[in-house]
Amino acid sequence: MNMKKLSLGLAMGLMASIAIVPAAFAQTPGGEIIIASVQGPPSLDAHVTNAQVARNITLHVYETLYARNENGDAVPDLAESVTVSEDGKTYNFKLREGVKFHNGKEMTSEDVVASIERYRDIGVSKTLVAAVDTVAADGPYNVVITLKEPQSVFLDNISSPRAPLAIYPAEEAAKGANEIDYIGTGPFKFVEYIPDSHVTLEKFADYVPNPAYTERDGLAGKKEVLIDKVTFRFIPEAGARTAALESGAVQIVETVDGPTAERLRADPKYIIHDVLPFAFQVIKFNHALAPTDDVNFRKAVQAALDMEEIMEISYADINQVDGGWVFPNSPFATSAGIDQYNVADLEAAKAFLDQSAYNGETVTFITDNLRPNVDVATVVQSRLEAIGVKMDISVADWPTTSKIGFTPNGWNFWTHGFGIEPFEGPGTVMSAWVGGSGQMVPDPEIDRIAGEFNAALTDDAKKALFTEFQQRMFDNMVAIKAGNYGLFQVTNDKVENFVSFRIPRMWGVTLAQ
Amino acid sequence: MSTQALDALPKAQSPFLTFMSRLLDNRSFVIGATLFLFVVLLAVFADVITPYEPNANNFRARLQPPSAEHWFGTDHFGRDILTRVIYGGRLSLTIGIAVVIFTGVFGTLIGAAAGYFRRLDNIIMRFMDALMAFPSILLAITVAATLGASVPNVILALGIATTPHTARIVRASVLVVREMEYVEAARALGAGHARILFRHILANSLAPLIVRLTYVFASVILAEAVLSYLGVGPPPPAPTFGGIIANGRDFMVEAPWVTLFPGLIILFTVLGLNLLGDGLRDVLDPRIKV
Amino acid sequence: MRNYLIRRIISVLPVLFFVSLLSFAVIWIIPGDPTAAFLDASATPEQVEALRDNLGLNKPPLLQVTEWYGQVLTGNLGQSILMRTPVLTAILERLPLTLTLAAMALVLAVLLGVAAGVFAATRRGTWADQTVMTLALLGLSVPDFWLGLLLIVVFAVQLGWFPSGGYVPFMQDPAAWLSSMVLPTLTLAVVQIGFIARMTRSAMLDVINQDFIRTAHAKGLSELYVVTRHGLPNAMMPILTVTGIIAGALLGSAVVVEQVFALPGVGRLIIGAILSRDYPLIQGGLLFLTLIYLLINLGVDLLYAAVDPRVRLE
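Protein chains in written order, with full-length UniProt numbering: chain C, 1 to 513; chain U, 1 to 290; chain B, 1 to 314.
Source of the hints: derived by calculation from the structure; they are not laboratory data. For every residue, glycine included, the Cβ atom is placed at its ideal position computed from N, Cα and C. Among the clues, some could well be false.
What follows is a set of in silico ranges between Cβ atoms, one per label pair, in the way DEER data are often shown [to be verified]:
#1 Phe198(U) to Glu93(B): 50 to 60 angstroms
#2 Thr18(U) to Thr362(C): 46 to 56 angstroms
#3 Thr94(U) to Ala288(C): 51 to 61 angstroms
#4 Ile29(B) to Phe198(U): 43 to 53 angstroms
#5 Trp161(B) to Phe198(U): 39 to 49 angstroms
Derived coverage of chain B by chain U (criterion: at least 3 residues anywhere in the stretch with Cβ under 8 angstroms from a Cβ of chain U; other residues may be distant) [said to hold, decoys possible]:
#6 25 to 31
#7 179 to 188
If you only want the chain B side, here are some residues facing chain U, beta carbon under 10 angstroms, derived [what the hints assert, rightly or not]:
#8 Ile9
#9 Val12
#10 Asn76
#11 Ile213
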């Protein structure tokens, strides 16, 4: 760094500290934070990937019209407000004025229209905007969207972080999947991506935080950047990630395992942030293939499992033994069907097994090679062995496993995390089982309940329908939810004002000198 | 190349006894055989020796350091590492034997065909060169990761990766032997190709092949561990040496015993096999190097 | 010599052709496709299909084969699906790291291995010989990734002497670069030191027993002089052979070591490509690694031919 840059940096830092940070804070804004992550993103084109690893980074670079706040509700982000017509079919978004893209251009309705059109065309989660009929600009700062049908969850959909409906400059939005330059409106701008090594973002100097907010709030709120740079470094080996933290090479580790968290907790140099619940651990059944086509067989499996054993082995010290199909803090949480959860009774399981058509064949449990998923399969295998069910565990990488798991052949059991669905809410959790998409054979009851849920207008009606849904999940044993798991995020004592969330948010964070 | 091996075998009295006494005089062989036999016996009598069930979970006893009850400690399932290491020998050694048989059979057939039928030589060996040039660990990863990491697939992957070199060794000794007088004589007496190949040529290519296969065994034990480390080894719950290490990698700093002990057993086994190979080489075919 | 050179170079071509066919076979066998890297379990088959279309993956495979060979002949290995860069660029960016790592390990292995081998050979049968050779054999028998993990625990976590992984480009910070290469180089070299030490010892023993060495000794020349001026040069051929073999093996081991130490080299590039089904990158990467392997072997062969004229006539 030459002197000119240095003094400029100092001057800016000084200005920032006067302008933003109350004098009581000792730290000077600026500096670089390095985060150790497990793996790199497949792409930084937010529209075409719903991978968690991509989201962690893209949500720093891009923004959406509406975004989810701390409670998961949709609140304005790039939009200032929205007015909805009485028939519920026309949404008029008022855009914030003066929002700059990283290339210096101001964001206008033209960019928003182009981005939404691109998403409707090639977005991987374009079902989120399936209700959209037309998208049109109405002057430079208004965008009008008309829907084919009224949709109560429309704002929830367009604010979903799943594969974010990021607003790109119109000229980027004209490009094909995974071909854009990474230009957004977010508080950080993209610097470089060296695959298998790191992604670097730097503070976007012209970023204007949304004036409607005074504080950080989920993925919306006031996004104020108090550091110069953030680097996501990809370190696949767990021990190497921790070593990097302890040597000071990185300041944040995105996720550590239970024993590591326990060790670091004893050291005042580290702060452990428990992000719990983060996701469901779900064990899917293939209803199209014997013997998992038999409800009594599926009930035998549920009755046999000891959920504490499964969750403690897979996610030591960071799990909840909870069978509900929403997170326990959700207003929708209900105990419907829970009496069938975590029974851990081998005799009861054998009784179900006797009623089923199972006659000694070997069942197949597929899983990708993430350790916790393999652990779940291993524990289930050993419990089922105890009631006389023979099981092969088939471990392959994610592309192979998901290829098999999306078809009705070649598997009976499949386990993986359900992260974004419960975050989005009960409607999304239900839709994972609609039309048999998760279990390969449609369940007419589930389809009916989900249909009524989407049309329901009052919270009470929705709650009643969700309770019915959860009861059905157990009565037909559509799938098993083993429990909730969380993440241990670790920061060292240099990182201040870090508040953990679904992604490691780098706005609002400061670095002590 | 194997003239000395020829001399070594058909001497006076009982050739087998001579051979055995030479082997037992060879220190590498004796130490290597002892080490290897020890691991084999552990694996064979695993049921009798081990105090615990290899797959019995007890998460309340997870990641315990080595102690009087658990000499090698426990893993994050609370399973006894010593028990798993001993049982792990079963699958790791089985895979080793299976790959040795695979590469022994295919390497011999391919090498013999290339060495004996000159017309096939070029095309076969170019293909083998291609397989050899293909980084074998990547080949194994590709097969195991994509076809699913079952035991047969791991065997197939490692078998394919080790066969070209074996074929090359067999071919080399076939090339030498086929020009020898007694083979010429057999040919002149009207013996068929099959008879010449199997009775005369292959019998005398055995020495370098056996030495090679010993080293293959050693390399397979190592390769299985690498595949397991990369997440494409044999699936759970059956323990393998590499599988146990892979299971402990996430807790490497807090619970190093989970990775340490199975690694030492691998070292021990491979060392034994390498010494065994050295001994066999010295006795069978002193001219082969490394 | 020139004829030999031409013959050897031409002989590489069919091997490369077979390798490219093999990598096509591999790609046909692999289930799954590049879309999986973009999508989590919440994706539906329709979404997968749409993304396939958008990424241009729905062309018939036969067309891809012919297209690919057409491109390769013009020096173009295609475009990586995930990384959005030409495959050749992606590889060339990663190659220096892998080659440097392999070269450093090779140099270390040759220096230590030859020294250990000569030392053992000149003290044949003594306890020193046995100790060195036992160590060599131990080095040869150790699982490399396991050694790497142990080195991380001891030298990165416990002692904090070296980073646990990651890579710092030389141009950015030479000291940090060196520090980041120490553990990977060591991990990679240990096995090869064992190989070279054993080979050197046995080659030296062959030479030492020959008449001209005895003569040199008889003339009263010093041990060191005899070994370095007479013994070693004559033992070079077999050592060279092993070095050639090792250079190939190093490329394979580098794949694993890059994974352990989170180094962005070619090996990790290809593993990543396999796991994300980035077909053009898998093919280009494998072709390239093979080419390097063949070039190394070609180089060794040519060195032979230069040293020993009989080889050229074979």
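Structure-based check of each hint:
no., hint, result
1, Phe198(U) to Glu93(B): 50 to 60 angstroms, "53 angstroms, holds"
2, Thr18(U) to Thr362(C): 46 to 56 angstroms, "51 angstroms, holds"
3, Thr94(U) to Ala288(C): 51 to 61 angstroms, "35 angstroms, violated"
4, Ile29(B) to Phe198(U): 43 to 53 angstroms, "34 angstroms, violated"
5, Trp161(B) to Phe198(U): 39 to 49 angstroms, "59 angstroms, violated"
6, 25 to 31, "holds (count 4)"
7, 179 to 188, "violated (count 0)"
8, Ile9, "14 angstroms, violated"
9, Val12, "9 angstroms, holds"
10, Asn76, "22 angstroms, violated"
11, Ile213, "19 angstroms, violated"
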